[in-house]
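Colleague: One-letter residues, chain by chain:
Protein chains: 2
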Amino acid sequence: MSDPGSFVSDVRALLGERGFTSDPELMSPWLTDWRGRFAGAAIGIASPANTQEVSAFVALCDRHDVPIVPQGGNSGMSGGATPDTAGHSVLLSLRRMDAIRAFDSDAGQIVCEAGVILQNLHEVAEKEGLRFPLTLGGKGSATVGGLISTNAGGTQVLRHGTMRAQVLGIEAVLANGEIFNGLTALKKDNRGFDLKQLLIGSEGTLGIVTAANLRLLPATEERVVAWIGLKSIGDARRLLRKLQARLPDHLEGFEVVPAHCLSAVLDHLPAAKAPLEREHAWNALVECTGTSAEIDSVRERLEEQLASAMEDGLVNDAVFAANERQAEDFWTLRDSIAPAERALGPAVQHDISVPVEKMPQFVEAAIPAVEEAFPGTSGVAFGHLGDGNVHFHVLAEPGATRREWENGTGKEISRFVHDLVTEYEGSISAEHGIGQLKRDELGRLGDPVSLSLMRSIKGALDPKGLLNPGKLVPLAPGDAKP
Amino acid sequence: MSDPGSFVSDVRALLGERGFTSDPELMSPWLTDWRGRFAGAAIGIASPANTQEVSAFVALCDRHDVPIVPQGGNSGMSGGATPDTAGHSVLLSLRRMDAIRAFDSDAGQIVCEAGVILQNLHEVAEKEGLRFPLTLGGKGSATVGGLISTNAGGTQVLRHGTMRAQVLGIEAVLANGEIFNGLTALKKDNRGFDLKQLLIGSEGTLGIVTAANLRLLPATEERVVAWIGLKSIGDARRLLRKLQARLPDHLEGFEVVPAHCLSAVLDHLPAAKAPLEREHAWNALVECTGTSAEIDSVRERLEEQLASAMEDGLVNDAVFAANERQAEDFWTLRDSIAPAERALGPAVQHDISVPVEKMPQFVEAAIPAVEEAFPGTSGVAFGHLGDGNVHFHVLAEPGATRREWENGTGKEISRFVHDLVTEYEGSISAEHGIGQLKRDELGRLGDPVSLSLMRSIKGALDPKGLLNPGKLVPLAPGDAKP
Numbered sequence: 001m002s003d004p005g006s007f008v009s010d011v012r013a014l015l016g017e018r019g020f021t022s023d024p025e026l027m028s029p030w031l032t033d034w035r036g037r038f039a040g041a042a043i044g045i046a047s048p049a050n051t052q053e054v055s056a057f058v059a060l061c062d063r064h065d066v067p068i069v070p071q072g073g074n075s076g077m078s079g080g081a082t083p084d085t086a087g088h089s090v091l092l093s094l095r096r097m098d099a100i101r102a103f104d105s106d107a108g109q110i111v112c113e114a115g116v117i118l119q120n121l122h123e124v125a126e127k128e129g130l131r132f133p134l135t136l137g138g139k140g141s142a143t144v145g146g147l148i149s150t151n152a153g154g155t156q157v158l159r160h161g162t163m164r165a166q167v168l169g170i171e172a173v174l175a176n177g178e179i180f181n182g183l184t185a186l187k188k189d190n191r192g193f194d195l196k197q198l199l200i201g202s203e204g205t206l207g208i209v210t211a212a213n214l215r216l217l218p219a220t221e222e223r224v225v226a227w228i229g230l231k232s233i234g235d236a237r238r239l240l241r242k243l244q245a246r247l248p249d250h251l252e253g254f255e256v257v258p259a260h261c262l263s264a265v266l267d268h269l270p271a272a273k274a275p276l277e278r279e280h281a282w283n284a285l286v287e288c289t290g291t292s293a294e295i296d297s298v299r300e301r302l303e304e305q306l307a308s309a310m311e312d313g314l315v316n317d318a319v320f321a322a323n324e325r326q327a328e329d330f331w332t333l334r335d336s337i338a339p340a341e342r343a344l345g346p347a348v349q350h351d352i353s354v355p356v357e358k359m360p361q362f363v364e365a366a367i368p369a370v371e372e373a374f375p376g377t378s379g380v381a382f383g384h385l386g387d388g389n390v391h392f393h394v395l396a397e398p399g400a401t402r403r404e405w406e407n408g409t410g411k412e413i414s415r416f417v418h419d420l421v422t423e424y425e426g427s428i429s430a431e432h433g434i435g436q437l438k439r440d441e442l443g444r445l446g447d448p449v450s451l452s453l454m455r456s457i458k459g460a461l462d463p464k465g466l467l468n469p470g471k472l473v474p475l476a477p478g479d480a481k482p
Numbered sequence: 001m002s003d004p005g006s007f008v009s010d011v012r013a014l015l016g017e018r019g020f021t022s023d024p025e026l027m028s029p030w031l032t033d034w035r036g037r038f039a040g041a042a043i044g045i046a047s048p049a050n051t052q053e054v055s056a057f058v059a060l061c062d063r064h065d066v067p068i069v070p071q072g073g074n075s076g077m078s079g080g081a082t083p084d085t086a087g088h089s090v091l092l093s094l095r096r097m098d099a100i101r102a103f104d105s106d107a108g109q110i111v112c113e114a115g116v117i118l119q120n121l122h123e124v125a126e127k128e129g130l131r132f133p134l135t136l137g138g139k140g141s142a143t144v145g146g147l148i149s150t151n152a153g154g155t156q157v158l159r160h161g162t163m164r165a166q167v168l169g170i171e172a173v174l175a176n177g178e179i180f181n182g183l184t185a186l187k188k189d190n191r192g193f194d195l196k197q198l199l200i201g202s203e204g205t206l207g208i209v210t211a212a213n214l215r216l217l218p219a220t221e222e223r224v225v226a227w228i229g230l231k232s233i234g235d236a237r238r239l240l241r242k243l244q245a246r247l248p249d250h251l252e253g254f255e256v257v258p259a260h261c262l263s264a265v266l267d268h269l270p271a272a273k274a275p276l277e278r279e280h281a282w283n284a285l286v287e288c289t290g291t292s293a294e295i296d297s298v299r300e301r302l303e304e305q306l307a308s309a310m311e312d313g314l315v316n317d318a319v320f321a322a323n324e325r326q327a328e329d330f331w332t333l334r335d336s337i338a339p340a341e342r343a344l345g346p347a348v349q350h351d352i353s354v355p356v357e358k359m360p361q362f363v364e365a366a367i368p369a370v371e372e373a374f375p376g377t378s379g380v381a382f383g384h385l386g387d388g389n390v391h392f393h394v395l396a397e398p399g400a401t402r403r404e405w406e407n408g409t410g411k412e413i414s415r416f417v418h419d420l421v422t423e424y425e426g427s428i429s430a431e432h433g434i435g436q437l438k439r440d441e442l443g444r445l446g447d448p449v450s451l452s453l454m455r456s457i458k459g460a461l462d463p464k465g466l467l468n469p470g471k472l473v474p475l476a477p478g479d480a481k482p
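Read top to bottom, the protein sequences are chains A and B. With the first letter of the first sequence counted as 1, position 308 gets the number 308 in our numbering; the numbers rise by one all the way through. With the first letter of the second sequence counted as 1, position 225 gets the number 225 in our numbering; the numbers rise by one all the way through.
This is chain A alone, in the form it adopts within the complex (with noise of 0.2 angstroms):
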């Protein structure tokens, strides 16, 4: 790095007052990541206005040597937007651009900066009749640029797909300062590799994303939401095919929750109510929609579906939410299951998933192996078994401290969970992505020739390793840090 004084004053002079800060009170809450997990120090916070301004900045990063580490709403699970202790780096904020560039309601389309905050987004999308089919907890804070550089997930994946396939275009700021200007959106375009899908989940090491041409849907008119007891999650699962063959464009949602986690949430809730009278090994609960035309014929396959399913003895009991107040009621158990379960003591929870079909067979492994190599402690899954992405928390054994436990024990556990997955060619990250988190167990686990081929094209597109360096991109075998 050149001199940081001279560095700094140049951004300042390129961003003027609203766009630089070193200010450490100032800085501090955008230091640490969300959850506390990450702390880390910087130079300052460039706060760009326009991608010109952002061209500008990485240009002069580039030429005075400083890694730039970009940041979204600092939601993030795996500490990618958090910068290292060493303070050499700059924090590029993309908060302020948050204008929405273009909207064509009739087109389905809406070109949003990275700055757009997802909530936002699905407000404007909601006043045309439209909706945007991705949403997450951290929807109050995550932007358009985080959720594209992570390709986020949430809970309508199963129909919809991850943030990856709501993208129509993308414009980014390359290592050098250049902008690529890919946002129009063709259906069909075959001039060459697809740049695009390099930079989305790129976590910022290839690229700083700046704008996005966003695909938007009809909004969903109605929904048919039904909780259904089950002997196994084996038999979920062989629901969950025969609900999507005769459902194939209603169905929404398809989680899976087992008797402990229903009867540690309804603990939790004490105003919950459990949906079926009696207990079940595992329980699903299902969404589907349609438009008002639609609903009816909707609800009638959904009923003889599960109808016949009894009959064959493949589901033991089902009810329907009678009313958009009871759907709700439904989601909150389902919803509840984290906070529950983390009110029971020390915990790890891993985000991972396997391919569908070997998802039961993971689930009924895992769990009795996990017990029996860390005794004491109790393993629990539920999730999406549409999208064979299982949350898989191992709880400590009674009397475990938090910190201490989930620093020792705990890290064992991940490891061991990790190592599991992997047999089972399934992804250590589901959908929180890699950051700092997750790169050595990526490095650790990860397929050789994948992580050769990773590191061929950072070096190729950042060869000085300026863009968020640390994250993501597992070291070279005996190369030093970062």
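The set of hints was computed from the structure by calculation and includes no laboratory data. Remember, predicted model here, so these are calculated numbers, not experimental data. Accuracy of the hints is not assured; some may be wrong.
Said to hold, decoys possible - The list that follows gives simulated cross-link-like pairs (lysine-lysine, DSS-like), each with its CA atoms no further than 27 angstroms apart:
1) B:LYS242 / A:LYS127
2) A:LYS127 / A:LYS231
3) B:LYS127 / A:LYS242
4) B:LYS242 / B:LYS139
5) A:LYS411 / A:LYS358
6) B:LYS411 / B:LYS231
7) B:LYS127 / A:LYS358
8) A:LYS127 / B:LYS358
9) B:LYS139 / B:LYS127
10) A:LYS273 / A:LYS231
11) B:LYS242 / B:LYS231
12) A:LYS411 / A:LYS242
13) B:LYS358 / B:LYS273
14) A:LYS231 / A:LYS242
15) A:LYS464 / B:LYS464
Dock chain B against chain A, hints included.
Modeller: Just chain B, lined up with the frame of chain A:
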């Protein structure tokens, strides 16, 4: 390149009698593309039996510095699988690798080797009540590997997307002979750059696709087909939007046909009959599909939409196919446009796309512009309105000689059309790829930042430039061929 004799004897030792030939007679059909526009020469044709052999063969080529031209069914449209005339390269045929490695009809997944022919894939899927939702004219020869390398399109893109959307996983051999194994289908996987997406559509310039995991859908049970008369292509687009909003999960095809094309087809096929009594400036062929449980409601909704469109003056007239036979007849009219136009005399065809919302404007501007710039010619546009993918044909002035005109004025017209498409932010290759046919045009008109990114990636993944040289990736300014 090292001594060709020693290379050939090494390849023979590796692949055996069935795996290599340099017999000119056996080689001849594969050294010219099927349309006879490109012809080349090669040291020989290698036909490995499995991925391990491909890997060892590519490593051997790397050691001997021998360029590789991969080939599937040799039915490409852009000369991407034809070697140059120097004769220093080796043709790598994937046709022998035609095994289906795994078929999970329950999960809707099939793992095919690169040489599996599209029509065989359709038949295997149909036997299990499933379908592979991509089809095109060359299905009797096109292979899975070729379809992936060119990101093929076809007639079902409106609803199901291009080949890219069908690929769940990929296996490929890289320039150094290493095997990239990304076959496992994970619905959610955020472990870094999406290498699969980078390989799809890269025309064999970054790696050799050896196998893929493809998605299968439940077989279509029923369809409703209608032929619609309209005043303008703008009205056709408005109708398309209306149907997309009301029948989002059922609209499978929306093709537009101008009066000129329909009357050329009726002249060309004496037994054919116009679906509507009167002539309309534009026609739309619409197809909706659904399960047998859904189809009545789909038909009713389509009838309602067309009735209200007629009331609003958006649609002149419309007729539903009374049975499967009549539905086939409607599609025959659409599929006969290309041969009917060809029978009229010399012509140049363009595989182009523009943003869907700009397509009416483009068609209305481009036809008079071409006819004015090249007096005596006449332009026609038809095709996949829903994809923004227009087949734009320009017919020669009366009396022109085919070969001479196509190589002279025809080429000038193509450059003129490509300039226009670029003004509309469209693509000079919607579905046929770049190959050797359009590489110079891509170099002339492509965004310099994108081209430079492509060259960086190509350099990183294939530093010696041995994978399909002279195809797809335009030369850097000032560089010599290839």
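Colleague: Decide, hint by hint, whether the structure agrees.
Modeller: Against the structure, the hints:
1. B:LYS242 / A:LYS127: Given that 27 angstroms is the threshold and the Cα spacing comes to 19 angstroms, the pair holds.
2. A:LYS127 / A:LYS231: Outside the cut-off at roughly 43 angstroms; violated.
3. B:LYS127 / A:LYS242: 19 angstroms, holds
4. B:LYS242 / B:LYS139: 32 angstroms, violated
5. A:LYS411 / A:LYS358: Between LYS411 of chain A and LYS358 of chain A the Cα gap is close to 25 angstroms, so the pair holds against 27 angstroms.
6. B:LYS411 / B:LYS231: 32 angstroms, violated
7. B:LYS127 / A:LYS358: This hinted pair holds, its Cα atoms lying about 24 angstroms apart.
8. A:LYS127 / B:LYS358: 24 angstroms, holds
9. B:LYS139 / B:LYS127: OK: LYS139 of chain B and LYS127 of chain B at ~18 angstroms, within 27 angstroms.
10. A:LYS273 / A:LYS231: 20 angstroms, holds
11. B:LYS242 / B:LYS231: With Cα atoms ~16 angstroms apart, LYS242 of chain B and LYS231 of chain B stay inside 27 angstroms; holds.
12. A:LYS411 / A:LYS242: 38 angstroms, violated
13. B:LYS358 / B:LYS273: 32 angstroms, violated
14. A:LYS231 / A:LYS242: 16 angstroms, holds
15. A:LYS464 / B:LYS464: 23 angstroms, holds
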